[in-house]
Amino acid sequence: MPATWDESHVDAEIGDHVTTARRSGDAWYVGVVTDENDRTLDVPLDVLDDDVTYVAEVWADAQDASWKGNPTAVEVTRSLVTSDDVLSASLVGAGGQALRLRPATPEQLASLEAYQRPRVDVVGDVTTDFDPVTRTVDVTLDARNAGTSVTEARLVLDGETVPGTATRIGGGQTRTLTFTVDADAVPYAATTDLALASGTGEAGASTDVPLLPFPDTAALGELLDAARVDGDVTSATARVLDARVDALAVAADAGDLAAVEQAAQGLRSALVSRSADDVDGDALAALDAQVEPWLGERVGIPALLVALRDAESASGAAQDVVDAVRAPLTAALRAAVRGDAEAVDRTLERAATALQGGAGDAVAGLLALVEAQRTALVLEAEDGALSGGAITTTEHPGYTGSGFVRTLSREGAAFSVDVDVAAGTSYDVSFRYANGMVVAPLDRQLSLTVDGEVAGPVALPNLGQDANRWRRWGYTEPVRVTFEGADASSVGLRFAPGDTGHVNVDHVRLVPSSGVLVADPGRGVDVTVEASTRCLGGQAYVAVRALNAEDVPVDLAVTLRTDAGERSFDAVAPGASAYHAFATRSAALDASTATAVVSGTLGGEALDAEIPVDVPAAACR
Numbered sequence: 000m001p002a003t004w005d006e007s008h009v010d011a012e013i014g015d016h017v018t019t020a021r022r023s024g025d026a027w028y029v030g031v032v033t034d035e036n037d038r039t040l041d042v043p044l045d046v047l048d049d050d051v052t053y054v055a056e057v058w059a060d061a062q063d064a065s066w067k068g069n070p071t072a073v074e075v076t077r078s079l080v081t082s083d084d085v086l087s088a089s090l091v092g093a094g095g096q097a098l099r100l101r102p103a104t105p106e107q108l109a110s111l112e113a114y115q116r117p118r119v120d121v122v123g124d125v126t127t128d129f130d131p132v133t134r135t136v137d138v139t140l141d142a143r144n145a146g147t148s149v150t151e152a153r154l155v156l157d158g159e160t161v162p163g164t165a166t167r168i169g170g171g172q173t174r175t176l177t178f179t180v181d182a183d184a185v186p187y188a189a190t191t192d193l194a195l196a197s198g199t200g201e202a203g204a205s206t207d208v209p210l211l212p213f214p215d216t217a218a219l220g221e222l223l224d225a226a227r228v229d230g231d232v233t234s235a236t237a238r239v240l241d242a243r244v245d246a247l248a249v250a251a252d253a254g255d256l257a258a259v260e261q262a263a264q265g266l267r268s269a270l271v272s273r274s275a276d277d278v279d280g281d282a283l284a285a286l287d288a289q290v291e292p293w294l295g296e297r298v299g300i301p302a303l304l305v306a307l308r309d310a311e312s313a314s315g316a317a318q319d320v321v322d323a324v325r326a327p328l329t330a331a332l333r334a335a336v337r338g339d340a341e342a343v344d345r346t347l348e349r350a351a352t353a354l355q356g357g358a359g360d361a362v363a364g365l366l367a368l369v370e371a372q373r374t375a376l377v378l379e380a381e382d383g384a385l386s387g388g389a390i391t392t393t394e395h396p397g398y399t400g401s402g403f404v405r406t407l408s409r410e411g412a413a414f415s416v417d418v419d420v421a422a423g424t425s426y427d428v429s430f431r432y433a434n435g436m437v438v439a440p441l442d443r444q445l446s447l448t449v450d451g452e453v454a455g456p457v458a459l460p461n462l463g464q465d466a467n468r469w470r471r472w473g474y475t476e477p478v479r480v481t482f483e484g485a486d487a488s489s490v491g492l493r494f495a496p497g498d499t500g501h502v503n504v505d506h507v508r509l510v511p512s513s514g515v516l517v518a519d520p521g522r523g524v525d526v527t528v529e530a531s532t533r534c535l536g537g538q539a540y541v542a543v544r545a546l547n548a549e550d551v552p553v554d555l556a557v558t559l560r561t562d563a564g565e566r567s568f569d570a571v572a573p574g575a576s577a578y579h580a581f582a583t584r585s586a587a588l589d590a591s592t593a594t595a596v597v598s599g600t601l602g603g604e605a606l607d608a609e610i611p612v613d614v615p616a617a618a619c620r
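Numbering (numbering that gives the first Met the number 0), first residue to last: 0 to 620.
Just so you know, the hints here were simulated from the structure itself, not pulled from any lab data.
Pairwise CB distance ranges, derived in the manner of DEER restraints:
#, residue 1, residue 2, range
1, 476, 14, 32 to 38 Å
2, 419, 165, 41 to 47 Å
3, 69, 19, 23 to 29 Å
4, 569, 207, 51 to 57 Å
5, 422, 132, 16 to 22 Å
6, 200, 456, 27 to 33 Å
Every residue, glycine too, gets a C-beta built ideally from N, C-alpha and C.
Generate the whole structure from the sequences, applying the supplied hints.
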């Protein structure tokens, strides 16, 4: 490096970044540095002599460099440049680039390639994996940077850059990337236009990819029609299922993923809550498989109802016991969808009580599953089996139990706790932990183990970097685990290859998975009410229709009330309507309000609602 300079230039944004260019003789030395934030800066080479080709030697933060995690990783490239070129400097936080530019020799002109700005393209096929439990989609692809030097790459969907998807690719390199994207950040359509943008903002070639499951409602309708024709589904049940398939199609056409999920939930609820006489087992399996992409496999309360059906079909439980259990289990399913935890517990208790009056292994197995569905578990990490250097301590306050586990800081360090639950029960498993790391990576990771086998990564985000950082406790995002074995199982965390560890773990929380998507129905009973006016013989009529839109089998008593009178109906089945046209004995009507008063009982739970609807004015003369 020269000690004296013939010429100097500085370009800076105070507090953000600075670029310096200095010349000594015919050689230029350029430095680019940034603050703690990753950024990409353009470096124009207009200070170079015109009509002269230079060799640019670039020392840059490599693709896997990071400020505190890997600060010494460097990429070195050499290419030919002129005063017309603009170099792209991709910098990690607190990082930089160094350039030396010298006139090219004849040998270098013959052997080196011209500088290329970054361009990132997708190479080959793209694979996607939607997780209906976390509502995220993993997008895995091979990406190639056709540019000379390292660049940032971001995922672009339908022309919009997806936040939080930045990664880095070395110059001329191909790298396999996996992006995990929240489903709500993905445009919902049969296919999505996918591309990658470099740090310059330029997007490479795009490709159409099916990112999220999209319904084939025609195939679903054909399945339902075949089941109806074969007598595998009763007409009353088919009427409800038809409505759910129609709702699925409407939601898909509108590009509304949440509505598609709810329609799929309604279809599953309608299937599993019916008896074997209403829906044949093969028909249930075939139709339910069509909605599994949005809901995942049956667990929790839907799985309980199918287990009850299986016991019914195999004559493993007396019919009176089956009937006594189905209603409260169905009510528990309905309450779970509505997010009513207290009602879920009440109805599961009623189901358990009904099972206690039965006999046989099938009944005992059902009772164990119902009781497990009611019981959340908290298991102290320090009471488990520790290995690989993990230890217990009471160093920081705020823990539960007698301490917590620490020193999960090297490969093989682990702990696991025994879980004694009914086989087939699914839990949402989370870990209470502390992460006060102040060196990168701030967010840490360990691997979930189930029965000693690694089941996947667990993210442990940083919870703070102040003086109380190790006294602050939080929970990881829940991971669904189904314990299949008849013997006692175990669950824990391990420092596996690729993990970063260095966190403290207090306890494991296991909450029974309800197996449903929670939705706000907006009213106590799912009933759709419509009102209209019409003229007949110069007289105005008010027509009111109340449709029982419940997914589960519950008959409703409905009273339609208008200014012209009222009409009551004793038992309106799901998919059926209460309808009446009220004669007003008047040729003209002002706008008014009609009301549907609805009531019913399911599994010991009262269902009540009063639903108003506007009645339009009418003039019949």
